[in-house]
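Protein chains: 2
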Amino acid sequence: MANKIEIGHGSGGLMTQELIQELFMKYFDNQWLKAEGDSAIVDSTHQKIAFTTDSYVINPLFFPGGDLGKLAVCGTVNDLAVTGARPSYLTAGFIIEEGLSLETLENIVKSMKAEADKAGVHIVAGDTKVVEKGQADRLFINTSGMGFVDELHKNLANGKLITEGDRVWVNGTLGDHEAAIMNAREAYFENSRLESDCASLNGLIRELLDRCNTIRFIRDITRGGLAGILHEVAGMSSLGFEINEDKIPISEGVQAFCESLGYEPLHMACEGKCIVIADESEAERVASIMKNHEFGKNAAQIGQITKEHPGDVVLDTMIGGRRLLEPPRAAKVPRIC
Amino acid sequence: MANKIEIGHGSGGLMTQELIQELFMKYFDNQWLKAEGDSAIVDSTHQKIAFTTDSYVINPLFFPGGDLGKLAVCGTVNDLAVTGARPSYLTAGFIIEEGLSLETLENIVKSMKAEADKAGVHIVAGDTKVVEKGQADRLFINTSGMGFVDELHKNLANGKLITEGDRVWVNGTLGDHEAAIMNAREAYFENSRLESDCASLNGLIRELLDRCNTIRFIRDITRGGLAGILHEVAGMSSLGFEINEDKIPISEGVQAFCESLGYEPLHMACEGKCIVIADESEAERVASIMKNHEFGKNAAQIGQITKEHPGDVVLDTMIGGRRLLEPPRAAKVPRIC
Numbered sequence: 001m002a003n004k005i006e007i008g009h010g011s012g013g014l015m016t017q018e019l020i021q022e023l024f025m026k027y028f029d030n031q032w033l034k035a036e037g038d039s040a041i042v043d044s045t046h047q048k049i050a051f052t053t054d055s056y057v058i059n060p061l062f063f064p065g066g067d068l069g070k071l072a073v074c075g076t077v078n079d080l081a082v083t084g085a086r087p088s089y090l091t092a093g094f095i096i097e098e099g100l101s102l103e104t105l106e107n108i109v110k111s112m113k114a115e116a117d118k119a120g121v122h123i124v125a126g127d128t129k130v131v132e133k134g135q136a137d138r139l140f141i142n143t144s145g146m147g148f149v150d151e152l153h154k155n156l157a158n159g160k161l162i163t164e165g166d167r168v169w170v171n172g173t174l175g176d177h178e179a180a181i182m183n184a185r186e187a188y189f190e191n192s193r194l195e196s197d198c199a200s201l202n203g204l205i206r207e208l209l210d211r212c213n214t215i216r217f218i219r220d221i222t223r224g225g226l227a228g229i230l231h232e233v234a235g236m237s238s239l240g241f242e243i244n245e246d247k248i249p250i251s252e253g254v255q256a257f258c259e260s261l262g263y264e265p266l267h268m269a270c271e272g273k274c275i276v277i278a279d280e281s282e283a284e285r286v287a288s289i290m291k292n293h294e295f296g297k298n299a300a301q302i303g304q305i306t307k308e309h310p311g312d313v314v315l316d317t318m319i320g321g322r323r324l325l326e327p328p329r330a331a332k333v334p335r336i337c
Numbered sequence: 001m002a003n004k005i006e007i008g009h010g011s012g013g014l015m016t017q018e019l020i021q022e023l024f025m026k027y028f029d030n031q032w033l034k035a036e037g038d039s040a041i042v043d044s045t046h047q048k049i050a051f052t053t054d055s056y057v058i059n060p061l062f063f064p065g066g067d068l069g070k071l072a073v074c075g076t077v078n079d080l081a082v083t084g085a086r087p088s089y090l091t092a093g094f095i096i097e098e099g100l101s102l103e104t105l106e107n108i109v110k111s112m113k114a115e116a117d118k119a120g121v122h123i124v125a126g127d128t129k130v131v132e133k134g135q136a137d138r139l140f141i142n143t144s145g146m147g148f149v150d151e152l153h154k155n156l157a158n159g160k161l162i163t164e165g166d167r168v169w170v171n172g173t174l175g176d177h178e179a180a181i182m183n184a185r186e187a188y189f190e191n192s193r194l195e196s197d198c199a200s201l202n203g204l205i206r207e208l209l210d211r212c213n214t215i216r217f218i219r220d221i222t223r224g225g226l227a228g229i230l231h232e233v234a235g236m237s238s239l240g241f242e243i244n245e246d247k248i249p250i251s252e253g254v255q256a257f258c259e260s261l262g263y264e265p266l267h268m269a270c271e272g273k274c275i276v277i278a279d280e281s282e283a284e285r286v287a288s289i290m291k292n293h294e295f296g297k298n299a300a301q302i303g304q305i306t307k308e309h310p311g312d313v314v315l316d317t318m319i320g321g322r323r324l325l326e327p328p329r330a331a332k333v334p335r336i337c
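Which chain is which? The protein sequence lines are D and U, in order.
Take the first sequence: its letter number 329 is residue 329 in this note's numbering, and every next letter is one higher.
Take the second sequence: its letter number 3 is residue 3 in this note's numbering, and every next letter is one higher.
If we strip away everything but chain D, and leave its shape as in the complex, we get:
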């Protein structure tokens, strides 16, 4: 096989077969892909199925803390997990620019496989397209995902369970992903330790759902940052948020990055963080589950739900004031995921 992707690799002919057999099957090999049907036939044992999709166009392809392949798995796994599903099956669609090195593609495929194994999901169907040089930027990946939802958690995703007085947590520091990507792209700080938090949160979320009785809502904090997510949830639930600015965990590196470049960390995307909303009565349990988990060491309770100002997010600032936290209008930089 050639060492660069050529137009023929996306043709559906022998070269495509070679690519599938020699690269994708090398890592993804399983009974579903082996069946080589146009669709993967998967078993269902539950009535509710979660089904989601996300395309990943991040630039650069490799960054501190992850790469396009890892992100494409984590992102979709998280989208399933936050709806109360047990993420089970993924599909992967590759749009590849002619001329991409096979080594790059292989490294990304390998990384997808490693993360899929870690998250316990199977990649059960795939697709490869190649476009002419200059018609796409190296590689875009779509992953769609399917997972099964217990009857108990079928209303987790719609926000209707959220109640006045509920507490709000995040599982760690905010803004790490976007700051790391911007820094990787522009090299603002040469020796920074900025690193993406890119991670599959289904394990942590499963523990919360299994061990707590009052989890009302979970949502991963991605594009739009904490501010974007809180506004979305405030809108869905017709309730408001009271957030304590000094409780929000932000790493020193991200703080310094944002201060020197004028970014708002609460508008910045994470890829391994979620908000969790639960009844006050379970506050200790929620905090303890998070803090004992690999991806929740810096978890913090950051505020609560209020009826006072429905639809709004009020920030109690560190200097003792109160201000409305505005939602982001548009990200400053494209292609952070």
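Be aware that one or more of the hints could be misleading.
Identical copies carry no separate label here, and so any pair may be met within one copy or between two of them.
Heads up, simulated BS3-like pairs for lysine-lysine below, C-alpha to C-alpha not over 27 Å straight-line [claimed, not checked]:
(1) Lys154 - Lys133
(2) Lys118 - Lys307
(3) Lys247 - Lys26
(4) Lys26 - Lys160
(5) Lys160 - Lys4
(6) Lys154 - Lys48
(7) Lys48 - Lys118
(8) Lys291 - Lys118
(9) Lys307 - Lys26
(10) Lys133 - Lys4
(11) Lys110 - Lys4
(12) Lys4 - Lys26
(13) Lys4 - Lys307
(14) Lys110 - Lys26
In case anyone wonders, no lab produced these hints; they're calculated from the structure.
Just so it is clear, the structure is predicted and the values come from calculations on it, not from any experiment.
Since chain D is already given, all that's left is putting chain U on it; use the hints.
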């Protein structure tokens, strides 16, 4: 809302919300998208679920017989239907080049919705990414699909049911899609009637499965053309094909196109054609179901399954000779789907 796609439309902030509400929801509006969860929760009533993905990068975006949006629905619906599934739910992931006109996007979204309605499927989750001008060619769409498979048809997709003596049909003329795309792109023939056959075949396939007892295999004929598909199936089943060249339906337009430009119509992609393999005893029934269907008027029995030369496809030519039909190695042109 602006009349061109800007970077902010992919940001996850308010501009993305506007785009979703004012464009996508205008057409796709349904209970699942309205729930605005990260995953769509869909009901399952069957044990086997088909789950597939395909990215569509066709150029041009609009062509005689269809457009990117219609194709993105048909293609994935067909991938589900040929595995014996009842296509039920689709996801749609959009990768959009900054600067694409909203009108173009709207026309494509509209077309997706129309085709989804025609095929009886729901688009239950979506994703939008925008990349910088020059980093993608206008618009790429990924559709992933899910469908439920009756116990009876769970082995349709794996090729293991195919038996010596089975008959092979196609539901109409071959090569229409690829010839139409090439002609639309290069304008080889100004007043040609070349038109893509782009269509959702789930209705026709459902009739065949419901009314026949011996359907052994179905596969849509896409990239790689009839030759590619037959070789793939010959490989899967360890049986051979005997194909009568003079039985293969090819339109006069495609014939003329291929002769003057030196293309092999049996290597050319369709988007509304499939091969059907069934027992000889049901030959009349299969033919009659096809010919009475909107998408099977030019259906033809083109050959049969043999043990004589496993893995090979032998063509009985019009001039009385026999030759091996070679699989395509690579398509001549990229981005036909």
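Structure-based check of each hint:
When the C-alpha separation of Lys154 and Lys133 is checked against a cutoff of 27 Å, the pair qualifies neither within a copy, at 45 Å, nor between copies, at 41 Å. Taking the closest pair of Cα atoms, Lys118 and Lys307 never come within 27 Å of each other, the shortest separation being 40 Å inside a single copy and 44 Å across copies. Proximity of Lys247 to Lys26 under the C-alpha cut-off of 27 Å is found in neither arrangement, the shortest distances being 46 Å within a copy and 40 Å between copies. In the homo-oligomer, the alpha carbons of Lys26 and Lys160 lie at most 27 Å apart only across protomers (24 Å), although the nearest pairing inside one protomer, at 44 Å, exceeds that limit.
In the homo-oligomer, the alpha carbons of Lys160 and Lys4 never lie at most 27 Å apart, since the shortest distance is 50 Å inside one protomer and 35 Å across protomers. Proximity of Lys154 and Lys48 under a CA criterion of 27 Å is satisfied in both settings, with 8 Å inside one chain copy and 21 Å between copies. Taking the shortest Cα distances, Lys48 and Lys118 sit within 27 Å of each other both inside one copy (24 Å) and across copies (25 Å). For a Cα distance limit of 27 Å, the shortest separation of Lys291 from Lys118 inside one copy, 20 Å, qualifies, whereas the shortest one across copies, 51 Å, does not.
Taking CA atoms no more than 27 Å apart as the test, Lys307 paired with Lys26 passes in neither setting, with 54 Å inside one copy and 31 Å between copies. For the homomeric pair Lys133 and Lys4, the shortest alpha-carbon distances inside one copy (12 Å) and between copies (24 Å) are both at most 27 Å. In this assembly of identical chains, the alpha carbons of Lys110 and Lys4 lie at most 27 Å apart only when taken from the same copy (17 Å versus 37 Å across copies). In the homo-oligomer, the alpha carbons of Lys4 and Lys26 lie at most 27 Å apart inside one protomer (17 Å), although the nearest pairing across protomers, at 42 Å, exceeds that limit.
For the identical chains of this complex, Lys4 and Lys307 are neighbours neither inside a copy (58 Å) nor across copies (39 Å), given an alpha-carbon limit of 27 Å. Taking CA atoms no more than 27 Å apart as the test, Lys110 paired with Lys26 passes inside one copy only; the shortest distance there is 9 Å, against 39 Å between copies.
In this structure, the hints that do not hold are numbers 1, 2, 3, 5, 9, 13, in rising order.
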